[in-house]
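For the record, the sequence lines run as chains B and C. One point on numbering: in the numbering used here, the residue at position 28 of the first sequence is 1413, and numbering is uninterrupted. One point on numbering: in the numbering used here, the residue at position 338 of the second sequence is 353, and numbering is uninterrupted.
Everything labelled a hint here was simulated from the structure, so no lab data went into it. None of the values given here were measured: they were computed from a predicted structure. A hint or two may mislead.
Ranges between beta-carbon positions, derived for each pair [said to hold, decoys possible]:
| id | chain 1 | residue 1 | chain 2 | residue 2 | range |
| --- | --- | --- | --- | --- | --- |
| 1 | B | 1497 | C | 315 | 57 to 65 Å |
| 2 | B | 1474 | C | 118 | 40 to 48 Å |
| 3 | C | 396 | B | 1462 | 34 to 42 Å |
| 4 | C | 330 | B | 1415 | 18 to 26 Å |
| 5 | B | 1478 | C | 110 | 53 to 61 Å |
| 6 | B | 1458 | C | 373 | 34 to 42 Å |
| 7 | B | 1488 | C | 37 | 50 to 58 Å |
| 8 | B | 1448 | C | 41 | 16 to 24 Å |
| 9 | B | 1435 | C | 312 | 32 to 40 Å |
| 10 | C | 315 | B | 1474 | 48 to 56 Å |
| 11 | C | 276 | B | 1448 | 27 to 35 Å |
| 12 | B | 1459 | C | 312 | 49 to 57 Å |
To list a few chain C residues with every Cβ distance to chain B over 10 Å, as calculated [claimed, not checked]:
| id | residue |
| --- | --- |
| 13 | 81 |
| 14 | 99 |
| 15 | 192 |
| 16 | 196 |
| 17 | 271 |
| 18 | 310 |
| 19 | 329 |
| 20 | 379 |
Cβ coordinates follow ideal geometry from the N, Cα and C atoms, glycine included.
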Amino acid sequence: MTTKFTPDHEYIRVEGSTGIVGITPYAQEALGDIVFVELPSVGKVLKKGDEAAVVESVKAASEIYAPVSGTVTEVNDALTGNPGLINSDPEAAGWIYKIAIADAGEIDSLLDSDAYAELTL
Amino acid sequence: MAETSADNLKTTPLYERHVAANGRMVPFGGYSLPVQYPTGIMSEHKWTREQAGLFDVSHMGPSFLTLNNPSGDAEADHAAVAALVEPLICGDIAGLKPGNIRYTLLLNDRGGAIDDLMVGRSPLFGGALYIVVNAGTKEGDFALIEAAAGDKARLMRADADNALLALQGPEAVNVIAQIAPDAVELSFMQYAPFEWGGERLIISRAGYTGEDGFEILVSAANAPKLWDALLADPRVKPIGLGARDSLRLEAGLPLYGHDLNETISPTEADLGFAVSKRRREAADFPGAARILAEREGKLSRIRVGLIVEGAPAREGAEILDASGAAIGVVTSGGFAPSLGKAIALGFVPPAHAAQGTRLQVSVRGRAQPAEVVPTPFVPHRYFRKLKAS
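Bound conformation, chain B alone (with noise of 0.2 Å):
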């Protein structure tokens, strides 16, 4: 299992030919307290940097993008009622959506954890 970031501050944790995708603790901490995601359609094909889904806080929508291209299979619901999942655990119980990895070279042009931590100093 690795896990992978964009410079765009999403990370998507791989697991066999599944990614999880969500948004890193850097990522939540800058937009404030989410009160509203839009999951995209499981099913929706995606490529990467396609927008996959929105992010708002009190103040602002962010886009959250595809790091990789494939298919959504599974999207957290647990964040329509609970949108601050996002904000008190980003990287487990706060995940967006899963996505079936089309390619699973795209993964290795992404960021590792030592050059997103040194992109976020």
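Based on these hints, arrange chain C on the given structure of chain B.
Frame of chain B, contents of chain C only:
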């Protein structure tokens, strides 16, 4: 105020305090100001509704307009200074009693809002007004007022050498009692000078949150000391611009540049109360023909409050009728922390403005249900004395 060389933003006398408190500094109205402190907008908002929030609003434009040659007859001098500003605005300034403040609008000759502002009559002298305008419009506003004053009065800007603090919330009155005990006697929309440690404070009972509260004009030199003294009270926390915006939105108060601009009249903005009766009867304010016709029903749009289901509808979102036809636009919108749902202000034709009207808003291309509701969304809790004059 000092200018920072990096981005040419001005700083307020409390800049170091904001930085020390880990405020997230953003550019706003030409100033570097905190959008939030580490606890975040949601908790700052709720704290203000439950306790007392302290805001740095030094970016705004406080000023004093004073007759150059007062006669010494307080009533005649007030009438004279009121007559200088009334041609610019729609409020009855002549009728203000000493120490009272009126919310009014600077209008262009088409009846559009150049700004919204507060005008107070000095509690001490005839021929002196306390005028507070918005940050983004203050240069233009002051130029208009100075031109109207001519050689009869002088405008003393108080924005450069002072800080303006707002203390807002149900505990504000108990906190201000520790600083200026007599200020608790002020009624909503009254102001007076008070002494604090040998320093003069101008305190008004007003604000921009819908809560009871005070705005305090203090010299730049003493502002940090006052800021610290207020924050030493455990009922007080510093609040940033983010919660200031969500609080005023819940209170249904318009934000200039968003819910008001030079095309929007007071009638359209549902601020008809700010067009004073005497001025209406005399029809002697800028754009009177349009505004009076609007009051008689010739109105094409009016500001309404909306409760939005689902994602917040932000500024610029289209408002649709039940059939999906575009009828208006959201001018302010977001999440209401006190209500736990999305709310918005926007303009629609009067036929769609009745309370309970089912409308829709378009968010990212999707229509979401919305309903017209009365504003304020959260009831005002201003302190009005019975029989306040």
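Tested hints:
A C-beta distance of roughly 58 Å is found between residue 1497(B) and residue 315(C), which places it inside the suggested range of 57 to 65 Å. Remark: the range hint 40 to 48 Å for residue 1474(B) to residue 118(C) is upheld by a beta-carbon distance near 45 Å. Range check, residue 396(C) to residue 1462(B): Cβ separation about 38 Å, and the 34 to 42 Å hint holds. Against the hinted window of 18 to 26 Å, the Cβ-Cβ separation of residue 330(C) and residue 1415(B) comes to about 21 Å, which satisfies the hint.
Between residue 1478(B) and residue 110(C) the beta carbon distance is about 60 Å. The supplied range of 53 to 61 Å therefore holds. Taking 34 to 42 Å as the suggested C-beta distance range, the pair residue 1458(B) and residue 373(C) conforms, at roughly 36 Å. For the hinted restraint 50 to 58 Å between residue 1488(B) and residue 37(C), the CB-CB distance of approximately 42 Å leaves it violated. A hinted range of 16 to 24 Å holds for the C-beta pair residue 1448(B) and residue 41(C), which are about 20 Å apart.
The hinted range of 32 to 40 Å is not satisfied by residue 1435(B) and residue 312(C), whose Cβ atoms lie roughly 50 Å apart. For the pair residue 315(C) and residue 1474(B), the beta carbons lie near 49 Å from each other, so the given range of 48 to 56 Å is met. A hinted range of 27 to 35 Å for the beta carbons of residue 276(C) and residue 1448(B) is consistent with their spacing of about 28 Å. Separated by about 55 Å at the C-beta atoms, residue 1459(B) and residue 312(C) satisfy the suggested range of 49 to 57 Å.
Every C-beta of chain B lies more than 10 Å from that of residue 81(C), the closest at about 40 Å, which supports listing it as non-interface. Chain B leaves residue 99(C) outside its interface by the beta-carbon criterion, the shortest separation being 40 Å against a cut-off of 10 Å. Once the 10 Å rule is applied to beta carbons, residue 192(C) is consistent with being away from chain B; the minimum gap is 31 Å. Every Cβ of chain B is farther than 10 Å from the Cβ of residue 196(C); the closest lies at roughly 36 Å, confirming the non-interface assignment.
Once the 10 Å rule is applied to beta carbons, residue 271(C) is consistent with being away from chain B; the minimum gap is 18 Å. Consistency note on residue 310(C): stated as away from chain B, and its beta-carbon is indeed over 10 Å from all of that chain's, at 36 Å minimum. Taking the minimum C-beta to C-beta distance to chain B, about 7 Å, the non-interface status of residue 329(C) is violated against the 10 Å cut. The beta carbon of residue 379(C) sits about 7 Å from the closest Cβ of chain B, which is not more than 10 Å, so the claim that it is off the interface is violated.
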